[in-house]
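K.L.:
Sequence:
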Amino acid sequence: MSGRELRRDLAVLPMSVVRELTGLTDRQVRYYDQQGLIEPHRGAGKQRRFSLEDVDRLLQIAEYLDAGYTVAEIHEVDQKQQRKQKNTDPSEESLRHILADELLNIGRFNGQQRF
DNA sequence: CTTCTGACA
DNA sequence: TGTCAGTA
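Under UniProt numbering, the first residue of the first sequence carries the number 1, and numbering increases by one thereafter.
These are computed hints drawn from the structure, not numbers from a lab.
No false leads were slipped in.
Simulated pairs of lysine-lysine, DSBU-like, Cα-Cα distance not exceeding 35 Å:
id : residue 1 : residue 2
1  : K46       : K86
2  : K80       : K46
3  : K84       : K46
Ranges of calculated distance between the beta carbons of each label pair, as one might list FRET restraints:
id : residue 1 : residue 2 : range
4  : A67       : G45       : 30 to 38 Å
5  : N87       : P14       : 34 to 42 Å
6  : A72       : G3        : 38 to 46 Å
7  : A44       : R7        : 18 to 26 Å
8  : R8        : E63       : 14 to 22 Å
9  : K84       : R4        : 26 to 34 Å
10 : Q82       : L21       : 21 to 29 Å
All residues carry an ideal CB built from backbone N, CA and C; glycine is no exception.
Take these sequences, add in the hints, and give me the full structure.
P.N.:
Structure representation (structure tokens):
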């Protein structure tokens with residue numbers, strides 16, 4: 001019964017807060033959403049409601065994009081992470097971010113000169 | 001007033 | 001991506 005832990009999974013943050021927390025424009029956030037990189041909850045009037053996990057994810061996405069990855073490549077990274085998450089025990093979940101940053105640095109740009 | 005979707009001078 | 005339009 002965890003009742004006093006911060007619910008980073010609860011989507012209650014409005015666009016204005018996410019905008020300030022991430023430094024991204026709402027245009028970018030909405031774009032990432034329509035690209036299926038995030039799936040924020042929807043409130044009255046279709047207003048997006050983000051969780052702290054979404055905020056983390058947004059920052060992740062921004063990192064990859066800055067690094068030169070395309071939206072498609074980020075999706076591929078997600079798939080490869082989902083696989084490793086399926087065959088890995090909870091104790092190794094802590095390596096998730098490490099793997100993510102690892103992939104970021106490896107960055108195998110097949111000829112495409114980005115940035 | 002804030003957010004949303006669609007569109008492009 | 002920015003930004004403007006027309007809503008909700």
